[in-house]
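Join these two chains into a complex; the hints should help.
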Amino acid sequence: MTLLGGKIGETYKVQSLNLDIAVRRRLEALGLTEGTDITILNRNRGGAVIVMVRGSRLAVGKRIAEKILILAKNHKGEK
Amino acid sequence: MKKELQVGFVGNPNCGKTTLFNAYTGANLKVANWPGVTVEKKEGAFKYHDYIFKLVDLPGIYSLTSYTMEERLTREYIMDSKVDVIVNVVDASCLERNLYLTLQLIELGKPVVLALNMMDIVEERGMEIDLHRLPEMLGIPVIPVSARRKTGLDILMHTVAHHKDRKSDNNLEHHHVAKAGKQQAANSRGDSSNQPATRHRHEHHKEYTMVYSDSIEDKIDELSILLIKKYGKIDRLRWHAIKLMEMDPSVMAKYPLDLSKVVKHSYEGEITNQKYDFIEEIIEEVLVNKEKKAASTDRIDRILTNRYLGLPIFLGIMALVFFFTFKIGDWIKEYFQVLIDAFSSGVLYLLNSMNAGSFATSLIVDGIIAGVGTILTFLPNIFILFLALAFLEDSGYMARVAYVMDSIMGKLGLSGRAFIPMLLGFGCTVPAIMASRSLENMKDRRKTILITPFMSCSARLPIYVLFSQMFFGNNAVYVAYSMYLIGIAVAILVAFVMSDRSDNTIGNALLIELPEYKSPNARTIFIYVWEKVKEYLTKAGTTIFAASVVVWFILNFGPEGMVSDMSLSYGAVIGKAIAPVLKPAGLGMWQVVVALISGIAAKEVVVSSFSVLFQISNINSPQGMSSLAQVLAQYGFGALNAYALMVFCLLYIPCVATIGVIQREMRSAKWTLFTVLFQLGIAMLLATLVYQIGSLILRV
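Chains as they are written, first to last, in the working numbering: chain A, 1496 to 1574; chain B, 34 to 733.
FYI, nobody ran anything at the bench for these hints, they're computed from the structure.
Among the hints, erroneous ones may be present.
Unchecked claim - Selected chain B positions facing chain A (in silico; Cβ < 10 Å):
1) N306
2) V437
3) K444
Stated by the list, open to error - Examples of chain B residues lying across from chain A (beta carbon under 10 Å, computed):
4) E250
5) A432
6) G449
Unchecked claim - Just so you have them, the derived chain A footprint on chain B, three or more residues with Cβ under 8 Å:
7) 49 to 58
8) 542 to 553
Where a beta carbon is used, it is the ideal one built from N, C-alpha and C, also for glycine.
So that you can see chain B by itself, here it is in the shape it has in the complex (with noise of 0.2 Å):
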């Protein structure tokens, strides 16, 4: 029987970890979420020789502590499950960084391997790194991997399973001097004296990478003593001890001592810069060439975060993206339609042929297959525009819009901080607002969620497709762009409104890591898209087709039971009934009230609605979007029309999976129905606003 091991994926952001375990998973993810904003972790399992290997994918991280809810659940997971051993991955190109959390997890106690990521990005600048001295130093194994390049793999999970029983190393081999030493080491060069620099050094330093000053090492050992008197003997005492006198929260609550007669004072800080202390000097002995610039990066920065060019370039490069989505997702649609139009007709057919009544026949053609594969037909804009996303993300060129929107962000006393959640909402709302968990103002965190849904997602790109297709020919792009920017002004309007001016707590200013520009890794992406594209066809699997039958059961029955005639159906009745209030939209037309509401199901099911309702089934070619203009323009539905429900669409009430998430996050039903209500206001608001304005001018 082969063994199970466990191990965990640790690093910190940008540092290649997400590249390196799909490298050895694979598509294989319980759970998937956008690179870089992990907040829940990854699993994935193989084998390999004697041991199936389960590896855990966690969040992203800089440091051990309890101030971030990331950092919070990577420290839980690791001192409480099972996980045998920690693959510490490190960006070589950006070691001293790194280390620093490198330093944290030895501490932890369990076993840790370190991964040395991107080491042809140090290569190419020039810089070596002394492979024999680090793991010395460190008292670890270090393997250098690439997970581009997929090299080193093997070696990485043989160290694994060699290392899972080691609790410390006794490799360690390091002639660590305490700061103060230092200093009078370098005066005294030359002098025969033999004296060690720290009373700790012979016997701690066999034992621990990280060796404190004689200060802290002391109160180090009272602490211990004063947990084994307490508590006996408990895991990871030395780790308990240090956090004790870091005074941390939770440690603190665990193993609750008078901590009065020893620590006075917080350590942390002294234990962060002698942790530095010591990073240094690993750095000064294992770096070659360490000068050496990413000029590359830097040229780049200069173009991409220029203070007059930065905004342009944004608001340019998304434009390119909805081109790109529109232009070369319209040229794979083609090919899609005729795929699901035999499809359709080879259906009709069996039906037919086996006598099928018309009553399963109209539920089938009319309702399944008009609303689901309607939605199909836009798979080729998704997939366009995920590709575009997921390589503006794995570029590194995400964290500096936060940075280049940051100045306008600032004008309405927000942060660019603020800003990442909401781009994120650009593919869905859902993960955007989870990742609002990073703000740790509850105040701010409201904010956000309640804005986040005026981005415009990715559900409601078909909408757009369609109607600006349909009513505005060439300047299709330029209308779908401008439902973008709406959406963005909206959210920043908002939220500009609601801020608090007064406030100046900074917990929430801007403070990101811009990582180095890279060409994107073909790989990641895809096995981003691909779960983004798994995710579309599920939904139009399960919520859409849903929603399909559903709509098709209302505009098939009426208070008379079946009717042929829509307009006596039970939709016609519930949207006749609303439809006056909609008028000022200019959106009067009982149809649209139906298909607006069956797209709170989610949002693709406006378009899958308007199929079922005007039975279209090749809504999304030439002759489908003919036929329905022609339809809509007998009830007097033109191009503001259209406008004005596209501006609805973009920010009336979200989707039920959002509300859900809403709920989940703000624990408050009260919260949640406000948020509805106001979405749904402003929706009225705008799209109002658009058709009379638009009225008047186009009357004049």
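In isolation and in its complexed conformation, chain A is listed as follows (with noise of 0.2 Å):
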């Protein structure tokens, strides 16, 4: 699934960013990186998101949002 669909409060684990590099780029200076915990705090109704990882808060814009790929983190959750 990506970022777009995760549930408000829960943390998920980046599987993969599906975007150019200068945005990648910017992710990963920003601590979004492949592998790394996310969690997601919050959504507005045009579809960005703010999320916790690594400690900081970032608000991601919808166009990124739809690009990054996350699983759910603890499988046993997952109904």
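Take a look at the structure:
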């Protein structure tokens, strides 16, 4: 699923960033790398999300969020 | 003689870097800018013990790649200039992300000292940082400081002075294991095998903080040999080799090398991931109780960034800002006016007692004091406006606005990111236009530059203060507030019309860090506001002074020499020629035309020109306003005309400084001319609409 599909308050693992290199590098500099934990804190009506990665909060626009694939972190938690 | 020491301050945005910098240098800066968007660098100096410390505050950055302008600038500055020591300011409460830049800085090879800021927040949250282990693992000195409480400042500079000659640190002591090795080590725990997990471990770990996996270290070695073969012994060999592996365009251009045998693709992703792996190891070892969360920020965010409440709250906060600007500003203003009146009559008395000619007396009293003095009476309003804006910025709210606005902007095919330069436009258009440099795409930059002048800057405030209070009495605040809303609406609308929605580049999609909320720092705010007040006073003494003199001349001289009746002056001749064009907008008075033209020098001049035109020196006082309103009423200029005038002033040709910066940024006279004419056209259109529709309604 993409970052758009995640639930508010849940923590996921970033699976892949399907974005062009410049945006990827910006995300990585902000701590959003493949394999890192990501917690979804909020989402607005336009689809932008607020996430917590490596201890910092990021606002990520819809067009970036829809290209970030995430995995449920705890498979037991997924029914 | 004292030795000079160049110290560069580098750190993430919002890490308290500027607060720390200000704690050393006070308000003695060379260049100041909006906090958080320092595109230019600031410099300050002070003496301490045997050294003159020259501090340079570099733009806030997250990394040292060459993908953004700020990062490129910082990197080049560190590498090429005479910086002796880098102070890497780090937000201790957000260590994991901040250390990424730290590792890159260490790799650059200049002496680095880590200033661990915001330790108070770390303690508040019940976290602890192992201050012995951290410097061991990084191989650089780590000094806990608090920029707000001003602790650790002396020790930090002491360390800087001592550390200036260190190229690498010998105290490095960590057992960094590459990821593959870590897995192995974990599997074979208890195993007595003492085989090193990586081949490079013994050799490199004494020298370098960041050691990569075997395959990458092998390639670094190979590339280093190739570099030496072709270019001899170059500075920062390892760093250049790593950058070549990342296929960094600027390094590849500087040291062209046939990479095809060694580097088949960019290793940037792997190199980044391994840095973060190492950071995770550091965090695991040095951070205690890291699970504690910043509950207060989340609680505040639940309200301020709420999907339904976010926008009304933003509009409410802006309304509050203008309420304060008007009410408190007015309260202080009364005292100001008394001072300027006293000064004016004092000068008049002095000139009379010196038997100064009527020419000189008129120029000084009616021209300069009326013009410049008028502008000075608005200083309290300007002061409160900037105080409020600095408060919002320093508290961490401004970044949230970009997120809140993203949903509206998204519906119009725009990104919330473009809203950030627009927000800065509330202060001054010039730095706002410079901030558009952060947008990589030329098309988006043009669009942003075109719409930023529509955001109502502080220079337009005096016009609103004067005309709204003169004609709208108790509703003045709402009338002025409506100008800000019209400005935002026009900006967004123009951007919408211009946006190419088939274009799906995500380069400018929203991506911004939301810093934790904090109580704003009095010193940071004071320095920021002081800079703005100084700028305002400088402007009053230069641009507005000159404009007042020019306006006085064209109003007191005509084709027949010096005239006592202004309607025979050059000003009237010019004004009367243009007035018919502005008649549909309700602005067909020659005096208004003269005021508007003079306002291109600086928007405040519109107000000072009114004061010179109608010879009312205390224009910003209740008496001055009522006499101006009476005079204007004789010309049939009423509330509706005033509203049209405000709309026109909001939107028409930007000031000279703005035109200059547009030309500098776009480097195209054609585009600059288009921007200016476009804005004039929009102003004509809207002011005319307001006046015509308003007249219809009033007639009914």
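Evaluated hints:
1. N306: Since the shortest Cβ distance to chain A is 6 Å, the answer is holds.
2. V437: At 7 Å from the nearest chain A Cβ, B/V437 passes the 10 Å test, so the hint holds.
3. K444: Cβ of B/K444 sits 7 Å from chain A, so the hint holds.
4. E250: 21 Å, violated
5. A432: 7 Å, holds
6. G449: 6 Å, holds
7. 49 to 58: Since three or more residues must qualify, the claim that chain A covers the stretch 49 to 58 of chain B is violated, with 0 doing so at under 8 Å.
8. 542 to 553: holds (count 8)
Violated hints, listed in ascending order, are 4, 7; each of the other numbered hints is respected by the structure.
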